[in-house]
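Chemist: Sequence:
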Amino acid sequence: MTNYYYTHNPDIVHDEKQWNFEIFNHQFKFTTDNGVFSKRTVDYGSRTLLAAFDATDLPNGPILDLGTGYGPIGMALAYQSPERTVDMVDVNELALSLARKNVALNGITNVNIFTSDVYEQVTATNYAAIVTNPPVRAGKAVVDAMLTGASSRLAVGGTLTVVLQKKQGAPSAKKLMQATFGNCQIIKKDKGYYILQSVKEG
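Note that the numbering used here has the sequence shown beginning at -2, numbered continuously upward.
Don't read these hints as lab results, they were simulated from the structure. Virtual Cβ for every residue (Gly too), placed ideally from N, Cα, C. Among the clues, some could well be false.
What the hints assert, rightly or not - Only pairs whose alpha carbons sit at most 27 Å apart, straight line, appear in this in silico DSSO-like list of lysine-lysine:
{"no.": "1", "residue 1": "K163", "residue 2": "K98"}
{"no.": "2", "residue 1": "K163", "residue 2": "K185"}
{"no.": "3", "residue 1": "K172", "residue 2": "K185"}
{"no.": "4", "residue 1": "K14", "residue 2": "K137"}
{"no.": "5", "residue 1": "K186", "residue 2": "K171"}
{"no.": "6", "residue 1": "K171", "residue 2": "K185"}
{"no.": "7", "residue 1": "K98", "residue 2": "K26"}
{"no.": "8", "residue 1": "K98", "residue 2": "K137"}
{"no.": "9", "residue 1": "K188", "residue 2": "K171"}
{"no.": "10", "residue 1": "K163", "residue 2": "K188"}
{"no.": "11", "residue 1": "K172", "residue 2": "K137"}
{"no.": "12", "residue 1": "K26", "residue 2": "K188"}
{"no.": "13", "residue 1": "K164", "residue 2": "K188"}
{"no.": "14", "residue 1": "K171", "residue 2": "K137"}
{"no.": "15", "residue 1": "K26", "residue 2": "K14"}
What the hints assert, rightly or not - Derived Cβ-Cβ restraints for the label pairs, each shown as a range:
{"no.": "16", "residue 1": "K163", "residue 2": "D51", "range": "18 to 28 Å"}
{"no.": "17", "residue 1": "E13", "residue 2": "G199", "range": "45 to 55 Å"}
{"no.": "18", "residue 1": "P168", "residue 2": "A48", "range": "13 to 23 Å"}
{"no.": "19", "residue 1": "E80", "residue 2": "T120", "range": "14 to 24 Å"}
Using the sequences plus the hints, can you model the full thing?
Modeler: The structure is reproduced here in structure tokens:
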């Protein structure tokens, strides 16, 4: 059974659910299904990342939500920054079909949703920010590729913001981001979740 949320086409019995969740003082509607990550609620890691993320001093350019799932992070950032485009990518076609439903349900139009295995189909090099709640269960090689591949896709002054639990490798991810970017800060810690951020320097 290839029913993991980080596979291309999860082999599942469909069971769609619709529910609401408040982010940035706004009620979002979500449709989810079997075969996606955190199908019953917006997971705590994504919530923690969104609470810590600050778009105010970013350079011009779009935002990339890498591993968007059914879309909560990308949708929230698109709602928060209507002047920017948010690219929402994932390897999971089921998750992307749900993300498309969800942006339509919420009337969010400043997004592009497309398939990409990590950065494979990501061609832009001017992102103001890349945000990710990486699929830890897909393995360290996938997570590391998400971290090391960000720099070449960011504009100068752009940020990579990552949420990882301490027990799922946040300290080693911090070292890798430090080695890749020359800097990495822990901008928030909450219940074992670390929000790590690196800036692309000129």
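Chemist: Taking the hints in turn, state whether each one holds.
Modeler: Tested hints:
1. Of the pairs offered as hints, the one joining K163 and K98 is violated, with about 33 Å between alpha carbons and a cut-off of 27 Å exceeded.
2. Our distance criterion of 27 Å between C-alpha atoms is met by K163 and K185, whose separation comes to about 12 Å.
3. For the suggested pair K172 and K185, the alpha carbons sit about 16 Å apart, so the restraint of at most 27 Å is met.
4. For the given pair, K14 sits about 31 Å from K137 by alpha-carbon distance, which is inconsistent with the 27 Å threshold.
5. Distance hint between K186 and K171 is fulfilled; the C-alpha atoms sit about 13 Å from each other, no more than 27 Å.
6. The suggested pairing of K171 with K185 holds, with an alpha-carbon distance near 13 Å, which does not exceed 27 Å.
7. A threshold of 27 Å between alpha carbons decides the hint, and for K98 with K26 the separation of about 10 Å falls inside it, so the pair holds.
8. Of the supplied pair hints, the one linking K98 and K137 is violated, its CA atoms being roughly 30 Å apart against a limit of 27 Å.
9. Distance hint between K188 and K171 is fulfilled; the C-alpha atoms sit about 17 Å from each other, no more than 27 Å.
10. For the proposed pair K163 and K188, the alpha carbon gap of about 9 Å is at most 27 Å, so the pair holds.
11. At most 27 Å may separate the alpha-carbon atoms for a hinted pair to count; K172 and K137 meet this at roughly 14 Å.
12. For the proposed pair K26 and K188, the alpha carbon gap of about 26 Å is at most 27 Å, so the pair holds.
13. Between K164 and K188 the alpha-carbon distance is near 11 Å, which keeps this suggested pair within the 27 Å criterion.
14. For the given pair, K171 sits about 13 Å from K137 by alpha-carbon distance, which is consistent with the 27 Å threshold.
15. Distance check on the hinted pair: K26 and K14 sit about 11 Å apart at the alpha-carbon level, within 27 Å; holds.
16. A hinted range of 18 to 28 Å holds for the C-beta pair K163 and D51, which are about 22 Å apart.
17. Between E13 and G199 the C-beta distance comes to about 46 Å, which sits within the given range of 45 to 55 Å.
18. For P168 and A48, the Cβ-Cβ distance of about 21 Å falls inside the hinted range of 13 to 23 Å, so the restraint holds.
19. Separated by about 22 Å at the C-beta atoms, E80 and T120 satisfy the suggested range of 14 to 24 Å.
Of the hints listed earlier, those the structure fails to meet are numbers 1, 4, 8, in rising order.
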